[in-house]
Structure formats: C-alpha cells, structure tokens
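Peer 1: Please build the complex by placing chain B on the supplied structure of chain A, with the hints as guidance.
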Amino acid sequence: MALPATRPTASVPSGAVLSADQLLEIYYYLRLTRTMEERLVALYRQTKVIGGLFRSLGQEGESVASAYALERGRHKDVLSPLIRNLGSLLVMGAQPVEILRQYMAKADSPTRGRELNVHFNDLEKGYLGQISHLGDMIPVMAGIALSFKLRGEPRVGLVYIGDGGTSTGTFHEGLNLAAVQRLPLVVIGEYNHWAYSTPPEKQFAVKDLAEKAKGYGVPSVTVDGNDVFAVYEATRVAVERARRGKGVHFIEVKTYRRKGHAEHDDQHYVPPGELEQWAKANDPIDRYVQRLLTADMVAEADLKDIDDRVRVEVDQATDACVDEPLPPAETALPGVYVDPPAADKLWFKVL
Amino acid sequence: MAEVTFLEALRQGLWEEMERDERVFILGEDVGLYGGAFKVTDGFSKRFGESRVIDTPISEAAIVGAAAGAAHMGLRPVAEMQFIDFISCAYDMLTNYVATARYRAGLSTPMVVRGPCGGYVRGGPFHSQNPEAAFLHTPGLKIVYPATVRDAKGLIKASIRDEDPVLYLEHKWLYRRIKEQLPEGEEILTPIGQARTAREGKHLSIISYGATLWKSLEAAEQLEKADGVSVEVLDLRTLLPMDDAAIVATVKKTNKVLIVHEDTRTGGIAGEIAARINEQAFEWLDGPIMRVTAHDVPLPYAPTLEDFVLPQTEDIVKAARWLAAY
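Taken in order, these protein sequences are the chains called A and B. Using my numbering, you'd call the opening residue of the first sequence number 1 and step up by one each time. Using my numbering, you'd call the opening residue of the second sequence number 1 and step up by one each time.
Only chain A is shown next, with the shape it has when bound in the complex:
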C-alpha cells in the first residue's frame, strides 16, 4: 500500500518569523514530548502507570507547532488537547511532573487521582482537559470562545479533533454553532489515519476533513502535519484572523499515528511496512532538525544541549513523584458539588 498523501492541498502563506531562540524552544517541546512518552512507556512496563498509555509518536510536530502559535500566559488563549496532544499541553505550561502523576494516579496529581492521563485543566494557564466522549470539546470550546466574544476580550480558543472524532454529532453541532456565532475558535483536525483500528475510508466518504468544515462555511486549509513550520504558520494565520473577529477557522493536519490506539494495541491491522516508512521518511522531529541544520538556523550543539536538559528534567520529574502515594480511599467522596448536599452524608457512612 502506498503511503497516503501528506502534501499540503492548500498553500500556506509564509511569513512566520521565528527567532533562533523560538526555534530552539519548539525543539525543546518536541524533544520533551517524545522523551516524556518514552519515560511513560518504561513506567507502564513497570506497572506504575495505572491505566492505558496513549502515544503521540509521529504527531508531536503538529501538537507543539499549533499550540506554539497561541498567546500563552495567564488569561491568554485557551486550548483543549486530546490524548495525543501531550506536546500542546507542555507548550501551554503543564509540568512534566503533573503528567507523570496523572498517569500514575497519584494523590497529588492535578485531579487527585480522579481522572486519567492528560484529562486535567488549568484555565489560568490556558488548557482545558478533554473527556473521553470525542467531539464534546468542540461545543465546550465554542462556549469558551463565546465568553471571549461576549466580554470583548482579544482571546482565542483552539481545540483538536481526530479524523474519527469528526464523525460525532457534537463535532458538527459545535462547529456549526461556532460558525454561525463567528466565534474566535481554531479547530485543528488531526488526520492521523487511524481511529483506534478504523481507517479513514470507513470513517467518512470525503477525501479531506477540510471539506467537512467548508460545509459549515468555515474557512479551512489542509497542511502537512509533520512539517512543524507549515502547521505553525497555518495556525498563526488562523489564530490571528480569529482574534480579529473573522470567526472560526479549521486547519486539517495530515499526520500519522505510529503507535497503536494505546500501548496494548499490537497494530496488526496496519499494512506491512507502513509504520517503518513513516518513521524513516516522515518523522516530524527528524524533519524539523534537518531543516534547522540544513538552513543553518541553529547550531547542532544547541540541540544536543536541549536533549541533555530534557533528559535531566524528565529524570527529576520521575524521581519527584514515582514513589508518591495514591489518594486515600475516603477522598473519593467530596467535591461533587460546591456545597455538599445531604447526599454527602450518606447513610452507609454511619454503618
């Protein structure tokens, strides 16, 4: 089977001006994402990760580059990542130790052991964790963008949806509502070729996800999702337009999920040779590094320094939390409501 097309189907205006420091910062997040996932694999094999482990191998480029195009900081832009957007989360300021604690269900994890993996939030830093019901975050992020519009704040929301996720009703309802209301929202459609084990041709009859967005009057482009520069530039333009009141924008990123749905998945459904081809010829980090070095944009030694720094940071984050306790059982009850109603005084507690 031939490799699916990854060439952009729409030209991307070039105009991104990234300093050497920014280029290195992007590289840092790419390397951090991949190293974090490699660490999580080790912890998973040691049974320290409690639930499933979801890899973004091969998709780190589009996650990091799209998030990097936002305004970050307290009360700036807000994004909602999916399980394969660890890179986006890190760019927005989530800490490696928080992510490790989440995966290991530690008492001090951001959700106190109540939720899994990257399902957590920090709205001040600008990220809102997903729930497992794909598509639901589109209306919710439309609501967040609506709050920006109603308050006249120059902020933008960004939300991810997978190729499979675009089959859900909430995706369509949310995108349409956002379009009608001209909300400052950017939707990144991740065409990564696999929805669990289901390929795109069993998921939808259009060629590009961008066509779906066009059906709602939403400006959309398709870009090479493994080209960090292309994703950054397309997102930058869309974010800037959304911020200027031009409404919702859709960016389809063609990429490839090189690992299974989760760590348990042996990917037997993948045609032979496909994974190896993508790894060899189309790895987003390899391509980014090659471009940086070929164009002499950064020094190789700087990249090496970042590799070393990332290794140390991930080691330190692991050491800081790996032996921490799980949450005490009785902490399972409070916090369903602000004011615990009578239901908190459950009858069985007195038995």
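Hints listed in this document are in silico derivations from the structure and should not be mistaken for laboratory results. From the three backbone atoms N, C-alpha and C, an ideal C-beta is built for every residue, glycine too. Among these hints, one or two may not hold up.
Said to hold, decoys possible - Chain A side only, calculated, beta carbon under 8 Å to chain B, not exhaustive:
#, residue
1, L43
2, N121
3, L177
To be verified - Covered stretches of chain A, going by a simulated chain B footprint (3 or more residues, C-beta under 8 Å):
#, region
4, 99 to 106
5, 162 to 174
6, 223 to 229
7, 314 to 320
8, 328 to 337
Unchecked claim - Reference listing, derived: stretches of chain B covered by chain A, where coverage requires no fewer than 3 residues with Cβ under 8 Å from a Cβ of chain A:
#, region
9, 125 to 135
10, 291 to 305
Peer 2: Then chain B, alone, in the frame of chain A:
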C-alpha cells in the same frame, strides 16, 4: 401585590437575574426576537440585546456544551430546551461533561438548563415528557421542579445563583393555569434542596411535585370532606439533592406514605423515595409505601389515552383511601 401566572413568575425571575448580574445570559432555540416557544423570554432580546439572548441552531448538545464552556469562564448561562423532551439530545453533554466537571477536574460550571416539561396537554410522546428520573442518577447535577408560582420565581433565581449546574423543570400545564399574588419589590429566593409542606395532615402523607402536586391537593381535599381522612401533602420542589429530613418528618408524623408522580413508574423517582424511607424510617411505617404514577408506556396523544395513562385525581383518591384503611 400583583397576581401573576407561573409563566410570568418564571419570566420575572429570569428578568431580575439578568438585570442584577450582567454575567447571566440566555441561549436556546427561538429565544431571541421570537421570545421562546412559550414566550418565557418575550421582550428579553429587546431589553438585553442579542448578545445576551442568543438564538442558536437546533443543536441541544451544542447549546449545553457551549453553556458549560462559558460557565467555566465565569459567565452564568441559562440554556433553554424548547421542550424538555429534547434534552435527551444533550444527555451525553449533561451527564458526562457537565455533571462530572467539578469532581473530575475541579471545574466550576454554574449553569441552568431549563425547559417546559410534562403532560396533560395532549402533546403526545415528544412534547410531554418528564425526564427527571434520567438525571436523578447523575451525581453532580441538581434538579428543581417547582409547583407553585412563588417557587417558579424563587427557584429560577436560586438556580441561576447556584455554583453548580441545575436542571430546572417547568411544567407547561401550570404555565398559565395557576396564579398567585406575588409581592412587588421583595426578592423571592427558594432555597434549593428544601421541600415544603403544602398541606398539613395527620393520617397519611402524599409526597409529590410538579403538576401532580395540585392533583394531590385536590385529592386531599376530597378525602377530608368525604372520608374525614386528614392528608398531609409534601411538595418536594427539589428532586436532587432530595430533602430526606422533610420526607422522614412527614413519615414519622402520619406513618403512611403515598408517592405521586407524573413520570412513568419503573425506575421513577418514587422508587428512590421509597428506598430512602425504608432505610431511614422503616419502623415508623404502618402500611406499605404506595405509588401513583403514569403507566409504563410512551405518552399517547388522544385525550382518552392520555387521561388513562397519566395519574388523575381520582387515582390518587382511590390509592389514598385504600392506604388509609390499611
């Protein structure tokens, strides 16, 4: 004092909260210039503008989801379901996203989802539903169901001010059927989670809410006159969290309980109330806990069929008479 309908009281409550707090806004289908299918938001768009009274596409999941996102950011959305029957289209968003948000992720989601519910109006299977039991099973939601004009106002205001998501069910049979004098200039707030004794009695308690509260009161009147049976009637007002203390108090007072609701029987609210009485006041009972509910069928359209399926005053009288004699 001015005499107002249930619908007008609800409208006043919404209006006052919109005036009081600029974070409050309304979104839903045809709520803007048209003023809502039942005219609950009539005039709102003119007063508060289109940005605070938002006409949406026919997309209940998106309405509720967008309300949740706005609520996370500190706004106070009130989402209207044109008929509450359509809330099933937003069931995932309400139960999976909204209701779990605080517990799983520490997210604040102060929002109200409201809409006309209930039968006795020849609305057929999809304009007559009572969805409360489907949501009673959802930790994280609150459910209020006013029966009186005063509570229609007091509970919508309390719901909007609540820090947690509230499902506000308004019975369309009551909209223009009941009237009450409401004081002008006085702020009416009905606390969420508190039942109300609608009628004092000694021999038997009827626990109800919504439209059947009025049918229960009618039945109580008839029993008093015809049989000399003194019936206490408890109006739950809030279904979640349930006012266990008020339920237990009336059981201890009369020792016999009849639960009346308009929703279908199996898996209905009455089963939960009966279980709580069993756990908390079993030894105070002098008879079986009885139920009067709709039959377990989708609600049919023809008057002959609807009247047969829904609980009527004479059904309540019959059951109460049997229980009183037990």
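Peer 1: Next, verify each hint and record whether it holds.
Peer 2: Quick rundown of the hints versus the structure:
| no. | hint | result |
| --- | --- | --- |
| 1 | L43 | violated, 22 Å |
| 2 | N121 | holds, 5 Å |
| 3 | L177 | holds, 4 Å |
| 4 | 99 to 106 | violated (count 0) |
| 5 | 162 to 174 | holds (count 4) |
| 6 | 223 to 229 | violated (count 0) |
| 7 | 314 to 320 | violated (count 0) |
| 8 | 328 to 337 | holds (count 3) |
| 9 | 125 to 135 | violated (count 0) |
| 10 | 291 to 305 | violated (count 0) |
The structure fails hints 1, 4, 6, 7, 9 and 10 (numbered hints given earlier, in ascending order).
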